[in-house]
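Novice: The primary structure of each chain is shown beneath.
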Amino acid sequence: MLLNNRSKNLYQEVILDHNKNPRNYSQPERFSHFAKGNNPLCGDKLDLFLLLNDEKIVEEIGFIGDGCAISKASASIMTTVVKGKHIDEVRKLFDGFHNMAVGNISASEDPALRRLRVFEGVKDLPARVKCATLAWHTLDAALNNKEIISTE
Amino acid sequence: MQTTAELSTLAFTNTPGFVREYRKDFPILDRMVYEKPLVFLDNAASTQMPSQVMETITAYHSFHHANVHRGVHQLSQEASELYEGAREKIRAFIGASSEREVIFTSGTTDSINLVANSYGGYNLKQGDVILISEMEHHANIVPWYMVARRTGAIIKVIPILDDGTLDMNALHEMIRDEKVKILCVNHVSNALGTINPVAEICALCREKGIITVIDGAQAVSHDSVDVKSIGADFYAFSGHKMHGPTGIGILYGREDILKGMEPFKGGGDMILSVSFEHIEWNELPFKFEAGTPPIAQAIGLGAAADYLNSLDRVEVKKYEDSLLHYAEEKLITVPGLRIVGKAANKVSLHSFVIDGVHPHDIGSILDGEGVAVRTGQHCAEPVMKRFGIPATTRASMSFYNTFEEIDELVLALHKVTELFNVTK
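In the order they appear, the protein sequences are chains U and B.
So that you can map any letter, position 52 of the first sequence is 52 in the numbering used here, and since no number is skipped, the others follow by simple counting.
Adding 1000 to a residue's 1-based position in the second sequence gives its number in the numbering used here.
Calculated from the structure, these hints are not laboratory results.
It cannot be assumed that every hint is accurate.
Unchecked claim - Restraint-style ranges between C-beta atoms, simulated for each label pair: (1) U:D95 / B:A1199: 54 to 64 Å; (2) U:I64 / B:N1169: 52 to 62 Å; (3) U:D47 / B:K1385: 15 to 25 Å; (4) U:E29 / B:I1389: 54 to 64 Å; (5) U:D47 / B:I1028: 35 to 45 Å.
We treat Cβ as the ideally placed atom computed from N, Cα and C, and that holds for glycine.
Make the full structure from the sequences, and use the hints.
Specialist: What follows is the structure in structure tokens.
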């Protein structure tokens, strides 16, 4: 099979794996923050739950939703990356991810983005940037106690 | 952005000669996308424009550009003649009785908003019923929802059957309710391709005094449309879905109904006399065309009607049917693929889903292979809900598409299923 390079850059093994077997794909028993994300153009939807402890560290995180491989893998990988991190660090990652997805920075400029750089390919596909960033915007909304966000 | 630097490398050996000839009228079909020949299968969203239409628009701007219905000078008169000439072309194209029945709008959406407001807004009362088919595009739902909220009318839905056809038994039953005042249905479903029996529906409604509003956006490019033999009270369509420009559309309305209606928008050109105490509306069709109209687009639409008239439309229809059947045969070889909408009477489009692969991933990967399709809900969310799917991929064909292009689509889909490891 010979696929166009752009597709190969985007649909890497890691993304396909997280799409098929999303991690933290459940509602945690206890959570302190919640938000619903919605991308009406695509019909991507996700519910995001997280539990912050007293030190403002993400102790638990989970999501449930429906969407394309990019949005699902992005949510899955995001949960694995932010778990155990302080919210200041999470917010920095959100900024970094957003800047990478829209092509403002290269992933190689920021070592913290190492595990997120598989999504760098979306910068060449403007229609798909929202798929990749939906989970992150939803996380940001949950942390800011906005319950429903839309990336439209 | 790549352009037409190198010519398309697809060999159209199985394509009939007349199609290869027609393709020459569409310069865009020769362009490359990501170094691959463009395979444009998104015609239900917008059809490509032939050179003849572009040349007509350019000639208008090069030689006749002026405002219409206003000036005594030569250019304004020429522009007015071209604009009104286009109206006459459209009248003949759809078989309307008079030019007074042909209103230029900005598109199907605008046309339906006009009917909803200027007819529905003044005639619907609390408790009246608007029947809307479940397979409507949002353009034939939202304006009615808005007017229902204002008037207290109620919307009831004519269901779709599993094969993607309209439930005619339910329709028969529903129109027996004397509260039903308006029935809205598309001639062809943009999401399923189903051709609805609009002549039969209009005849049934006529007996009951129910006003029919037909969304013809997806019909006009595929087959000859005759509004009189359909018997529609209102028939709406768009220029850019029949190889004309965007920003222009038509509302056909029966003259006796249009006469009694209030204008939709106010402004210049739609009035006979204005004072601050009293305004007299202009006659039909100008009563509904406030302000400077999209003149070049209207003239372009007239040229598009000329172009379609120049085709052998019977032969074209047969060819499109053969594309439809060929595409079905090939598509079902793709693992996990299921076609949504299996009506016996369909225009040349297939909506489909593939197990375990989201349509947006399919769309992106196909795009990378040069194949343009539409993915999503097709502005028809209720249809998606009816079939219990979040979205579909839609390949919609025009008479300039070829068997070889369908092979390209299917090849690209096999790449998708291989990548996502879909095996059955």
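Novice: Quick check on a hinted range of 52 to 62 Å for U:I64 and B:N1169, using CB atoms only.
Specialist: Violated: the Cβ-Cβ distance is about 39 Å, outside 52 to 62 Å.
Novice: Could one say that the CB atoms of U:D47 and B:K1385 fall in the range 15 to 25 Å?
Specialist: This hint holds: roughly 19 Å between Cβ atoms.
Novice: Look at the Cβ atoms of U:D95 and B:A1199 and judge whether their distance stays inside 54 to 64 Å.
Specialist: Holds: the Cβ-Cβ distance is about 59 Å, inside 54 to 64 Å.
Novice: Please check whether U:D47 and B:I1028 have a Cβ separation lying inside 35 to 45 Å.
Specialist: 43 Å, holds
Novice: Mind checking the hinted window 54 to 64 Å against the Cβ distance between U:E29 and B:I1389?
Specialist: Roughly 32 Å apart at Cβ, these two residues miss the hinted range, so it is violated.
Hint compliance for this structure: hints 2 and 4 are not met, and every other hint is.
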